[in-house]
Amino acid sequence: MSIKYEQKDTILHVENLSVAYGDKVIISNINFTEKNIIRPGKAQGQTIAFLGRSGRGKSTLFRVLTGLEEPATGVVLIPDYDKEIVNEQQPAKKVKEGDVGFVDQKYTLFRHKTIYQSLKFAYRKAKISAAEKDEKINQYLHDWGLSSSKNQYPNELSGGQRQRTAILEQLLSSGYYMVLDEPFSGLDVGNIQNVKDAFKLINDSHELNTVIFSTHDIELAVELADSIYVLGYGKKNDNTLTHTGTILKHFDLKESGHAWQTEFTTDHLQVVKEIKEIMMAS
Amino acid sequence: MILIMLKKWFRPFEKVDAKQRLTITAIWIVLVVGYWIFASRGTKHLFPTPVQVWAGMQSLYAEGLIVHIASSLGLCLQAAVISLLISLAVVYLSPLPAIKPIALFLSRLRYLPLTGITFYLTILVTNARSMQVWVLVVFMSLYFITSLLGVLKDIPPDEINHARSLKCSRWEILWEVVIKGRLDYVLDVLRQNLAIIWMMLVTVESILVAAGGLGVLIKNSDKFANHGRIVALQIIILLIGLLLDWVLQVTRKGLFRYSTY
Numbered sequence: 000m001s002i003k004y005e006q007k008d009t010i011l012h013v014e015n016l017s018v019a020y021g022d023k024v025i026i027s028n029i030n031f032t033e034k035n036i037i038r039p040g041k042a043q044g045q046t047i048a049f050l051g052r053s054g055r056g057k058s059t060l061f062r063v064l065t066g067l068e069e070p071a072t073g074v075v076l077i078p079d080y081d082k083e084i085v086n087e088q089q090p091a092k093k094v095k096e097g098d099v100g101f102v103d104q105k106y107t108l109f110r111h112k113t114i115y116q117s118l119k120f121a122y123r124k125a126k127i128s129a130a131e132k133d134e135k136i137n138q139y140l141h142d143w144g145l146s147s148s149k150n151q152y153p154n155e156l157s158g159g160q161r162q163r164t165a166i167l168e169q170l171l172s173s174g175y176y177m178v179l180d181e182p183f184s185g186l187d188v189g190n191i192q193n194v195k196d197a198f199k200l201i202n203d204s205h206e207l208n209t210v211i212f213s214t215h216d217i218e219l220a221v222e223l224a225d226s227i228y229v230l231g232y233g234k235k236n237d238n239t240l241t242h243t244g245t246i247l248k249h250f251d252l253k254e255s256g257h258a259w260q261t262e263f264t265t266d267h268l269q270v271v272k273e274i275k276e277i278m279m280a281s
Numbered sequence: 000m001i002l003i004m005l006k007k008w009f010r011p012f013e014k015v016d017a018k019q020r021l022t023i024t025a026i027w028i029v030l031v032v033g034y035w036i037f038a039s040r041g042t043k044h045l046f047p048t049p050v051q052v053w054a055g056m057q058s059l060y061a062e063g064l065i066v067h068i069a070s071s072l073g074l075c076l077q078a079a080v081i082s083l084l085i086s087l088a089v090v091y092l093s094p095l096p097a098i099k100p101i102a103l104f105l106s107r108l109r110y111l112p113l114t115g116i117t118f119y120l121t122i123l124v125t126n127a128r129s130m131q132v133w134v135l136v137v138f139m140s141l142y143f144i145t146s147l148l149g150v151l152k153d154i155p156p157d158e159i160n161h162a163r164s165l166k167c168s169r170w171e172i173l174w175e176v177v178i179k180g181r182l183d184y185v186l187d188v189l190r191q192n193l194a195i196i197w198m199m200l201v202t203v204e205s206i207l208v209a210a211g212g213l214g215v216l217i218k219n220s221d222k223f224a225n226h227g228r229i230v231a232l233q234i235i236i237l238l239i240g241l242l243l244d245w246v247l248q249v250t251r252k253g254l255f256r257y258s259t260y
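Protein chains in written order, with numbering that gives the first Met the number 0: chain A, 0 to 281; chain B, 0 to 260.
Chain A extracted, bound-state conformation (with noise of 0.2 Å):
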C-alpha cells in the first residue's frame, strides 16, 4: 500500500562530481537531487541510501558529500539556513566540512572525552546559552539512553553506546545531515537494532533531518530506504568495464510504495533482486 507524501525544496542537489587521485579517477559523473518529505501528520525525515560493491567509490563519494574532500569536479549542494528565503526558495550553499556530519564504521570518538563532554564539545558552536545546551544535551542523553553512562570514557562504553554517541554528536554539531559509512558493518542483531532505533529517532524529529548511510546488506538498505542510489562501475562502448565508479540506477522507493511500510514483503524482495543484478554487473 502506498503511502501519501509530497516533495518540497531541495534538500541535496550533486552535480556533475568526479574525485580522481592523481590520474586515477575513482568516481565521475555523478549526478542526484534529493528532496525534502512531507508527509501529513508526520514529521518525516529523509533515508537515503549507496549500493555498490566494494571498492565502487561509496567511501569516497561520501568524503566529498561531507566535504572532507574537494572533488576534482563539480559541486555538492545544500540549502543555506542562515540566510532569509528568496523567492519563496532558500539559498543554497556549497558543503564544506563540518555542515554534514560523518559517522564512519568505527563509530570513533575523542579517546579522552567522556560522552557528556563530547557532547558538549559537539554542540559548542551553538547559538544558544549554556544553560539551553545542557538542557539540550541531558534531553538527549535520556532520549537516547545514555544517561546513566554519561561520564563515562569510549574504552568503557558497550559498542551500542558508542555508536548512539557518535550518531548524536554529529547531530549536535551538524543539524540536518548526516552521512554513515557503513554503519552496519560487524554489527551483532542487537546493534543492528541500536542503529535502526537512532535512524528512526533522527528521521521523525525533524522533516528535514536526513540520514545518508552505504551499507553492504541490500535488504536492510530496502528495509530503511526511501531513495537508494546504485554505484558501479560503468561501461565503455566495448561492453567492458570503465573501473570508475558511478551511479547506475535510482531507486525511488517513495514512489514504488516500497518505504516506511511495517511489513518487509515479496516486492520489497523483488527490489532486493534487482538490486543485486545490477551490482553483479558493475
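I should point out that these hints are in silico values taken from the structure, not numbers from a laboratory. Where is the CB? At the ideal position from N, CA and C, for every residue including glycine. Treat the hints with caution; some may be incorrect.
Just some of the chain A residues that point at chain B, by a computed CB distance under 10 Å [stated by the list, open to error]:
(1) R110
(2) Y115
(3) K124
(4) S128
(5) S172
Computed list of lysine-lysine pairs in DSSO-like fashion (alpha-carbon distance at most 27 Å, straight line) [to be verified]:
(6) K166/B to K152/B
(7) K166/B to K124/A
(8) K166/B to K95/A
(9) K166/B to K149/A
(10) K152/B to K23/A
(11) K92/A to K82/A
(12) K34/A to K166/B
(13) K7/A to K195/A
(14) K166/B to K135/A
(15) K179/B to K149/A
(16) K23/A to K34/A
(17) K105/A to K152/B
(18) K199/A to K235/A
(19) K179/B to K105/A
(20) K195/A to K119/A
(21) K105/A to K126/A
(22) K252/B to K105/A
(23) K252/B to K93/A
(24) K95/A to K34/A
(25) K166/B to K126/A
(26) K252/B to K149/A
(27) K199/A to K234/A
(28) K3/A to K41/A
(29) K252/B to K119/A
(30) K119/A to K179/B
(31) K179/B to K95/A
(32) K105/A to K234/A
(33) K92/A to K252/B
(34) K166/B to K199/A
(35) K166/B to K105/A
(36) K166/B to K119/A
(37) K132/A to K179/B
(38) K195/A to K166/B
(39) K132/A to K166/B
(40) K179/B to K126/A
Fit chain B to the given chain A structure using the hints.
Only chain B this time, still in chain A's reference frame:
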C-alpha cells in the same frame, strides 16, 4: 599431576594461572641464586660471592649511598623535564610543514656519537653540573622526539576526520586529537625511554665526579676492582630503574582512565 603440570610449562602458548606463574618465577630465582653461590665457591672465581656483594652493599650505604641515589634521581628528573618540554614543543609543531623537516632531522641525530656532542657542549657550557644536564637533555630529547613522532604517525586518519566533521579548525585538531588526546602516550614514551636514559645517566655522571651520583660510585669501585661493590651497585641501579618504570606506569593508569594499552 606434577608431570601434567610440567608438560604444560613446556607447551608453546599454554596459559598458566597466577599461582603457577609465581612458582615458575620462584624456581628461576632459586636456580640463578643457587648457580651464583655454586659458581662463586673456592678461591678462584670470576663473579663475587653473595657475601661479598652484601658487604659491598653495606660499605656503599656507609659511604652515603642514599645521597648518591638522590643526586642521580635529581639529575635524571631535571634532564627529563627539560628534554620533555623541548621534545614536546618540537613534536607538537611537527604537523606544520615548515617545522616537520626540523623534527625529522633532530630524530635522525640520535645516531650521533656521545663524544662529538660533549666536545661542543664543553665549549658552550662552563659549569660541570650544567654539562651533565645538557648532555642528557640533548640525548634524551633525540630519543623522545623519535618516539613521540611515532605516536603522532600512529594517530588513525579516522580520528582527524572525526574532529574535522565536528567543525574543528586545524589548530583545534592539533589541540584535541594530538595534544590532549595523546597526553597519556607522553608518560609512556618517557617510561619506554627511561631504560636508555638511566643507563646513560651513569656514564654522564662520571664527567663530574665531585657532584657524586651512582655513576661516580660505580666508576670508583671499578678503578679499585671491587667487584662486590660493582655488582651491588648494578643491582641497586636495576632496582631503581624498575621502580621508576613502575611509578610511571601506575601514574599513567591513575591519571588517564581512558588509557587502555
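Consistency of the hints with the structure:
The beta carbon of R110/A is positioned within 10 Å of a beta carbon in chain B (closest approach about 5 Å), and the interface hint is therefore held. With its C-beta approaching chain B no nearer than about 14 Å, Y115/A sits outside the 10 Å limit, and its interface hint is violated. Interface hint status for K124/A: upheld, as the beta-carbon distance to the closest one in chain B is roughly 6 Å, under 10 Å. Interface hint status for S128/A: violated, as the beta-carbon distance to the closest one in chain B is roughly 19 Å, over 10 Å.
For S172/A, the interface hint holds, since its Cβ comes within 10 Å of a Cβ in chain B; the closest pair sits about 5 Å apart. The suggested pairing of K166/B with K152/B holds, with an alpha-carbon distance near 22 Å, which does not exceed 27 Å. Taken as a hint, the K166/B and K124/A pair is honoured in the structure, with Cα atoms around 9 Å apart against an allowance of 27 Å. A hinted pair counts as satisfied when its Cα atoms are at most 27 Å apart, and K166/B with K95/A qualifies at roughly 9 Å.
For a cut-off of 27 Å, the pair hint linking K166/B to K149/A stands: about 22 Å separates their Cα positions. Of the supplied pair hints, the one linking K152/B and K23/A holds, its CA atoms being roughly 26 Å apart against a limit of 27 Å. Among the hinted pairs, K92/A with K82/A is consistent with the structure: their alpha-carbon atoms are about 10 Å apart, no more than 27 Å. For the proposed pair K34/A and K166/B, the alpha carbon gap of about 25 Å is at most 27 Å, so the pair holds.
Between the alpha carbons of K7/A and K195/A the distance comes to roughly 26 Å, so the proposed pair stays at or under 27 Å and holds. Of the supplied pair hints, the one linking K166/B and K135/A holds, its CA atoms being roughly 19 Å apart against a limit of 27 Å. Note on K179/B and K149/A: the hinted pairing holds, with a Cα-Cα distance of about 20 Å set against a maximum of 27 Å. Taken as a hint, the K23/A and K34/A pair is broken in the structure, with Cα atoms around 32 Å apart against an allowance of 27 Å.
About 19 Å separates the Cα atoms of K105/A and K152/B, which keeps this hinted pair within 27 Å; it holds. For the suggested pair K199/A and K235/A, the alpha carbons sit about 40 Å apart, so the restraint of at most 27 Å is broken. For the hint pairing K179/B with K105/A, the CA-to-CA distance comes to about 21 Å; that is within 27 Å, so the pair holds. A hinted pair counts as satisfied when its Cα atoms are at most 27 Å apart, and K195/A with K119/A qualifies at roughly 24 Å.
Distance restraint check for K105/A and K126/A: the Cα-Cα separation of roughly 30 Å exceeds the 27 Å cut-off, and the hinted pair is therefore not satisfied. Among the hinted pairs, K252/B with K105/A is consistent with the structure: their alpha-carbon atoms are about 25 Å apart, no more than 27 Å. For the given pair, K252/B sits about 45 Å from K93/A by alpha-carbon distance, which is inconsistent with the 27 Å threshold. Between the alpha carbons of K95/A and K34/A the distance comes to roughly 20 Å, so the proposed pair stays at or under 27 Å and holds.
Our distance criterion of 27 Å between C-alpha atoms is met by K166/B and K126/A, whose separation comes to about 14 Å. With a CA separation close to 21 Å, the supplied pair K252/B and K149/A stays within the 27 Å bound. Between K199/A and K234/A the alpha-carbon distance is near 37 Å, which puts this suggested pair outside the 27 Å criterion. Among the hinted pairs, K3/A with K41/A is consistent with the structure: their alpha-carbon atoms are about 11 Å apart, no more than 27 Å.
The straight-line distance between the Cα atoms of K252/B and K119/A is roughly 25 Å, inside the 27 Å bound, and the hint therefore holds. A threshold of 27 Å between alpha carbons decides the hint, and for K119/A with K179/B the separation of about 16 Å falls inside it, so the pair holds. About 26 Å separates the Cα atoms of K179/B and K95/A, which keeps this hinted pair within 27 Å; it holds. The hinted pair formed by K105/A and K234/A fails the criterion: a straight-line CA distance of about 33 Å is larger than 27 Å.
With a C-alpha separation of about 47 Å, the suggested pairing of K92/A with K252/B is violated against the 27 Å cut-off. A hinted pair counts as satisfied when its Cα atoms are at most 27 Å apart, and K166/B with K199/A qualifies at roughly 25 Å. Between K166/B and K105/A, the direct Cα distance comes to roughly 19 Å. Compliance with the 27 Å bound is thereby established for this hinted pair. Of the pairs offered as hints, the one joining K166/B and K119/A holds, with about 13 Å between alpha carbons and a cut-off of 27 Å not exceeded.
For the hint linking K132/A to K179/B, the alpha-carbon distance of about 23 Å falls within 27 Å, and the restraint holds. Taking the CA atoms of K195/A and K166/B, the gap is about 26 Å. The hint holds against a cut of 27 Å. Between K132/A and K166/B the alpha-carbon distance is near 17 Å, which keeps this suggested pair within the 27 Å criterion. The straight-line distance between the Cα atoms of K179/B and K126/A is roughly 25 Å, inside the 27 Å bound, and the hint therefore holds.
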